[in-house]
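A.B. asks: What follows is the residue order along each chain.
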Amino acid sequence: MERKISAAALGGVVLLFLSCEAVFTTSLFEWAQRDPSKLSASGKVAYGQDALASGDRKAMARAYEALKDTGDTGLYPFVAELALGAAGVTQALRDLLGNIAAGTDQAGIHAALEAAFASFGPGDLALIQEAAVLIQDAEADAVTISADQYFIAGLGLLVVALDDAGGDAGAIDVSSGPGQTAIAFLTSAVGLLVPGSEAEGLLNDLIGYFP
Amino acid sequence: MTSLRFRKMVVPLFLVCAAAALGAETVPPRTFFIPSARMAALGGSHAALGDDLSALTNNPAGLYGARPRFHIAELSLALQGPIFSIANIALRGAAGEDMDDLLTDPAVTDFFKSVFVGAHLIGPLSFGYVGKGLGFSLVNSTGLELVSRGSTTFAVAAVERAALHAGYAFRVHLPDPWESALDIGVNLKAFLEGKNHFSRTLLEIPDLFSDGAGSFLDNPFSLTTGFGLDLGLRWTYRDNLMVGLVGRDVFTPTTRSDYATLSGFLGDEVSGPAVHGRVPTDLSLGVMYRPPLGQTLRYLGDLKLLLDYRDILDFLTHPDSTVNPLLKFGLGAEIRVLGALQLRAGLSEGLPAWGFGLDYGVVKMHFAMFGAEMSSEPGMRPVFNIILGLEISL
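These protein sequences, in sequence, are chains A and B.
Per numbering that gives the first Met the number 0, residue 0 is the first one in the first sequence, and the count goes up by one each step.
Per numbering that gives the first Met the number 0, residue 0 is the first one in the second sequence, and the count goes up by one each step.
No lab work stands behind these hints, which were simulated from the structure alone.
Model, not experiment: these values are computed from the prediction.
We put the beta carbon where it would ideally sit given N, CA and C, even for glycine.
Hints should not be assumed to be uniformly reliable.
[To be verified] Straight-line C-alpha distance at most 16 Å; calculated EDC-like pairs for lysine to aspartate or glutamate:
# : chain 1 : residue 1 : chain 2 : residue 2
1 : A       : K57       : A       : E20
2 : A       : K37       : B       : E96
3 : B       : K327      : A       : E29
[Said to hold, decoys possible] Far from chain B, by Cβ distances over 12 Å, these chain A residues were calculated:
# : residue
4 : A45
5 : D49
6 : A141
[Unchecked claim] Pairwise CB distance ranges (calculated):
#  : chain 1 : residue 1 : chain 2 : residue 2 : range
7  : A       : S118      : B       : L143      : 31 to 39 Å
8  : B       : K112      : A       : D167      : 37 to 45 Å
9  : B       : L173      : A       : T69       : 37 to 45 Å
10 : A       : S118      : B       : V361      : 54 to 62 Å
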């Protein structure tokens, strides 16, 4: 009996050691997430911050729906970030940055943007445009906008401009419309970075790929 | 006369503390939290549990029934985040995989989707005593954290924490026919956290690596101190059933001093104006059942089943940071197998926990593997954790 219990205990230990991270990060109550639209004003903001940090697009979409009609212009850059995350721009940004950091040239970046474009639907492009309007309204009200927020909004608008250009990154028009606003946002982001930093160099490279 | 003088001293002090607390920022309890492998494997703190030094953080009323023990030292390593995934990426890099392929691999870009990585060393300063209703402990931890803030920003922090607890519990004897007893406990605590921290966007990560140690020395440093009071009740029925009610941080004001740089703090820099805060009160209720196993299971013993509902009044004490009510349930179970091995399992914040303890008398080893929810909703931001610790006690 003693041996059987020892063997069972040891077997349980080994089995649990072998279990992966997924087991311990699977919530039993995920189905019970609250609807952010029913939370208090501060609760909605807290939910939105959690959604952004989680990288969960569905959660960001719910948070955006709950906050998009806020009349507080101070929150607009944050709400825009939620819309851009929900649209999938943040994910596309990570892929693009991986390419830039890996030393990809203009053709590579164009190809990466075109590949990312395939994952955006009309709803996503609408969300990006709504986010751009929120950023512009915040700018008009002299609300502080971070380099990140300018950067992801600029990248999102490049995708919208790519849609206007028929999916050909080489044909993006940066002299008017979403393309022009995209470059303006990216330039604003550069202006907020530490001069001479690697980040500034990477972003200037990106702008340079869309003459 | 003495009483009047006492009142003249105490009343203004109380008013100053109350005024400071009323206009203060809310400080999350996690700021001063030093994890324990045993409690993590049991699914977090349990208000009805009180059999060792952990009564100081669970429920001070548990000190009355805790076995006498002198805790000499502890060294534990707590790791947070996708440890195995990071190890896999590092191994691929070390194996000479092309860096361009690695940087553009979805497994690597996904890693940046929601980063929460930490490593904390608990101890070596870790000693305390519990017995005869008294208890005290002094513990420190040193750690590094990398956490996503927003969609593209990462916060990096080097953290040093120390906590001093001192508690006392006494028993109120209830009428014999009730077959029960009521323990009442109080715990006073003081703690400090030194935090060197900075944020970088995704674009700035390359600069972070090129800065090296300069990133820490030339970035902000915060020193937070606080003292607090916990109060607890524990009702015991026939040694099998315990019900605990604990008010953690009934009154816990804090003060934070911010310095522009760590090197400034180490030098003679004067801090900015002190920021007063308060850790919100956490009222938790817990039940523990110890079923008598009798002779049917000879090699098993001391089974404990635990159920808690935590932070019952969060909607009153910190309404801006309430969490989903289901995250407040905690379940735990512990059983002794063959004398030296303790198997533990639990559920906290909707995520499973598991661990074991090996008791070799003076030396004990504890291990825990568990999930922790870092958001206000279940499953939105779960983080994987491992704690492995070695403890020496008499």
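A.B. asks: Are A:S118 and B:V361 spaced within 54 to 62 Å by their CB atoms?
C.D. replies: 59 Å, holds
A.B. asks: Holds or violated: A:K57 and A:E20, Cα atoms, limit 16 Å.
C.D. replies: 22 Å, violated
A.B. asks: Check the non-interface label on A:A45: least C-beta distance to chain B beyond 12 Å or not.
C.D. replies: 6 Å, violated
A.B. asks: Measuring Cβ to Cβ, find out whether A:A141 lies farther than 12 Å from everything in chain B.
C.D. replies: 21 Å, holds
A.B. asks: For B:L173 and A:T69, compare the CB-CB distance with the range 37 to 45 Å and indicate the outcome.
C.D. replies: 55 Å, violated
A.B. asks: Would you say A:D49 is clear of chain B, with no C-beta pair closer than or equal to 12 Å?
C.D. replies: 4 Å, violated
A.B. asks: Indicate whether the distance between the beta carbons of A:S118 and B:L143 respects the range 31 to 39 Å.
C.D. replies: 35 Å, holds
A.B. asks: Taken at face value, is the distance from the CA of B:E96 to the CA of A:K37 at most 16 Å?
C.D. replies: Violated, at about 49 Å.
A.B. asks: Compare the distance between the alpha carbons of B:K327 and A:E29 with 16 Å, and conclude whether the hinted pair is satisfied.
C.D. replies: Status holds; Cα separation ~14 Å.
A.B. asks: That 37 to 45 Å hint for B:K112 and A:D167 (C-beta), does it hold up?
C.D. replies: 29 Å, violated
Hint check: violations occur at hints 1, 2, 4, 5, 8, 9; the rest are consistent with the structure.
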